[in-house]
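Protein chains: 2
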Amino acid sequence: MSAPFGRLSLNTKTSNAWTLREAVEGAAAAGLPAVGLWRDRVAEAGLDEASKILRDNGIRASSLCRGGFLTGFDDQAVEDNRRAIDEAATLGAPELVVVAGGIPDRDLPGARARLAERLAALVPYATDRGVRLALEPLHPMYCADRAVISTLGQALELAAPHPAHVVGVVVDTFHVWWDPDLRARVAEAGAQGRISSYQICDWLVPMAADPLMSRGMMGDGVIDFASITEMVTAAGYFGDVEVEIFNDDVWASDPRDVVETMKRRYRKLVLPSLGEAA
Amino acid sequence: MSAPFGRLSLNTKTSNAWTLREAVEGAAAAGLPAVGLWRDRVAEAGLDEASKILRDNGIRASSLCRGGFLTGFDDQAVEDNRRAIDEAATLGAPELVVVAGGIPDRDLPGARARLAERLAALVPYATDRGVRLALEPLHPMYCADRAVISTLGQALELAAPHPAHVVGVVVDTFHVWWDPDLRARVAEAGAQGRISSYQICDWLVPMAADPLMSRGMMGDGVIDFASITEMVTAAGYFGDVEVEIFNDDVWASDPRDVVETMKRRYRKLVLPSLGEAA
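So the sequences go chain by chain: A and B.
Following UniProt numbering, the numbering of the first sequence begins with 1 at its first residue and continues without gaps.
Following UniProt numbering, the numbering of the second sequence begins with 1 at its first residue and continues without gaps.
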């Protein structure tokens with residue numbers, strides 16, 4: 001058996017109280033190979049310093065979060081997405097997570113059309129820099145204010161005109177666990193070579209009052225991690241498994257404890273379903 | 001032009017402070033032809049008295065809400081659903097809204113399978129009593145604790161083995177507005193003659209802290225009522241348009257004002273898209 005945590009990545013949101021340096025050193029101390037980065041945390045450290053911290057600790061960036069918000073009425077966001085692509089390239093993050101953006105008015109098809117156009121405009125830039133745009137379907141409860149891509153099927157449709165090595169899709173358990181078409185769409189994403197990232201956290205019941213803060217530690221909610229992990233594995237995904245948790249209780253805990261709990265839960269609930277691919 | 005409110009139905013949840021009698025008399029005074037009933041409000045009045053109140057006021061019951069919660073480990077709920085079917089028959093409500101139920105554990109496919117079995121068990125009983133089981137897909141944020149049917153497509157799949165006059169589907173704007181497949185699935189539901197009910201209310205931004213209370217008055221949120229109403233009309237639905245709002249501010253208002261606002265917003269946002277069918 002290979003190292004049990006050889007694919008486990010700590011998203012900097014999960015250890016929210018840590019600076020970038022603390023998160024990278026914490027991941028290294030915990031025997032993890034990678035961290036998932038948010039741009040605000042990178043900006044605090046400075047881009048070059050962040051790259052150096054990763055190199056010095058032998059830690060990879062599994063993804064950079066996030067680009068996107070491409071549904072507005074002007075093209076302003078496109079330039080910011082180019083900067084995000086540059087940052088991902090500098091950090092060696094192979095995947096830039098793209099959150100679509102919400103609806104500025106009541107025209108959902110219009111917002112989706114603008115997103116498709118701007119994605120197309122970004123593809124050549126991302127191709128040149130060797131960074132994949134990882135389209136993340138967000139749970140439908142965020143459709144209005146955050147992401148007009150609500151399902152994996154929809155993300156695949158949006159990705160379809162572009163090469164798989166430049167536009168991929170994110171499978172995040174919190175966002176997709178309810179989807180009756182999940183098994184088929186994960187298989188399709190795998191067959192196309194488009195799974196950019198497998199992100200995990202649990203769905204809590206009841207939800208938190210702030211829907212953004214309702215992501216829980218694996219095992220604290222209702223998601224069947226064995227089932228979804230098997231789908232992703234069967235689809236041929238062998239990349240990082242990134243734990244991304246937004247949760248007031250988790251954020252109030254010592255990040256070292258959070259990382260230990262995360263490793264324990266991952267080993268129990270996720271690792272067995274990675275099979276040989278672990 | 002026919003009467004502008006000839007298809008508008010007041011759900012008793014919208015006028016939550018009113019007793020059943022007050023709601024029925026309030027609907028009659030407002031020139032509405034129908035009310036959507038919740039069972040608790042009917043039980044308060046008593047079933048026979050509720051029927052009499054409707055008759056005396058010349059008001060129809062557009063639907064009875066709700067049966068369902070059929071995903072548990074025992075069959076107890078089936079008997080309660082038979083009682084709900086009886087009540088709908090007594091009240092002359094042609095449609096019993098069925099809310100699937102959530103997941104008692106982490107096995108989503110298992111919960112869906114139990115639902116399908118119990119639905120099949122209820123079909124002969126509903127057929128005999130002339131009541132249609134109206135499967136309501138709920139927004140995916142309720143998948144864990146309330147409804148394992150999250151999309152119209154999924155409801156149609158569940159309905160497929162049964163005759164259209166016995167198992168239909170509900171189109172509720174709040175639950176389905178985000179669905180990228182909405183247009184196709186509404187058309188499919190219409191072609192099958194399965195649209196049981198068109199329920200409307202808005203999606204508020206930001207959401208209420210209690211996700212159950214986030215349903216808003218039409219026009220207060222982000223839903224494009226013209227677009228969805230056109231889909232439903234093009235699909236050949238000519239039935240009641242039921243306004244169902246769970247919202248603390250609406251509930252704290254004088255129900256007479258709520259009904260007047262509802263009529264005004266309906267006339268402005270919904271009626272023009274009902275076309276000839278109004």
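Worth flagging that the hints you see were computed from the coordinates, not collected in a lab.
One or more of the hints may lead you astray.
[Stated by the list, open to error] Straight-line distance between alpha carbons at most 25 Å, and here's what the computed SDA-like set of lysine to any residue pairs gives:
1. A/Lys52 / A/Arg106
2. B/Lys263 / A/Pro4
3. B/Lys52 / B/Gly31
4. B/Lys268 / A/Pro104
5. A/Lys268 / B/Ala29
6. A/Lys268 / B/Arg183
7. A/Lys263 / B/Asp107
8. A/Lys52 / A/Asp181
9. A/Lys52 / A/Asp105
10. B/Lys268 / B/Ala3
11. A/Lys263 / B/Arg106
12. B/Lys268 / A/Arg83
13. A/Lys268 / A/Asp48
14. B/Lys52 / B/Asp74
15. B/Lys52 / B/Glu230
16. B/Lys268 / A/Arg106
17. B/Lys52 / B/Ala252
18. A/Lys52 / A/Asp75
19. B/Lys263 / B/Asp248
20. A/Lys52 / A/Pro104
21. A/Lys263 / B/Gly6
22. B/Lys263 / A/Arg106
23. A/Lys268 / B/Lys263
24. B/Lys268 / A/Ala226
25. B/Lys268 / A/Pro255
26. A/Lys52 / A/Ala113
27. B/Lys263 / B/Arg106
28. B/Lys52 / B/Phe69
29. B/Lys52 / B/Ala29
30. A/Lys268 / B/Lys52
31. A/Lys268 / B/Ala252
32. B/Lys52 / B/Asp107
33. A/Lys52 / A/Arg83
34. A/Lys263 / A/Asp80
35. A/Lys268 / A/Gly236
36. B/Lys263 / A/Asp105
37. A/Lys268 / B/Arg106
38. B/Lys263 / B/Trp251
39. B/Lys268 / A/Asp105
Please list, smallest to largest, the hint numbers that this structure does not respect. 1, 2, 5, 6, 8, 9, 12, 13, 14, 15, 17, 18, 20, 21, 23, 24, 25, 26, 27, 28, 30, 31, 32, 34
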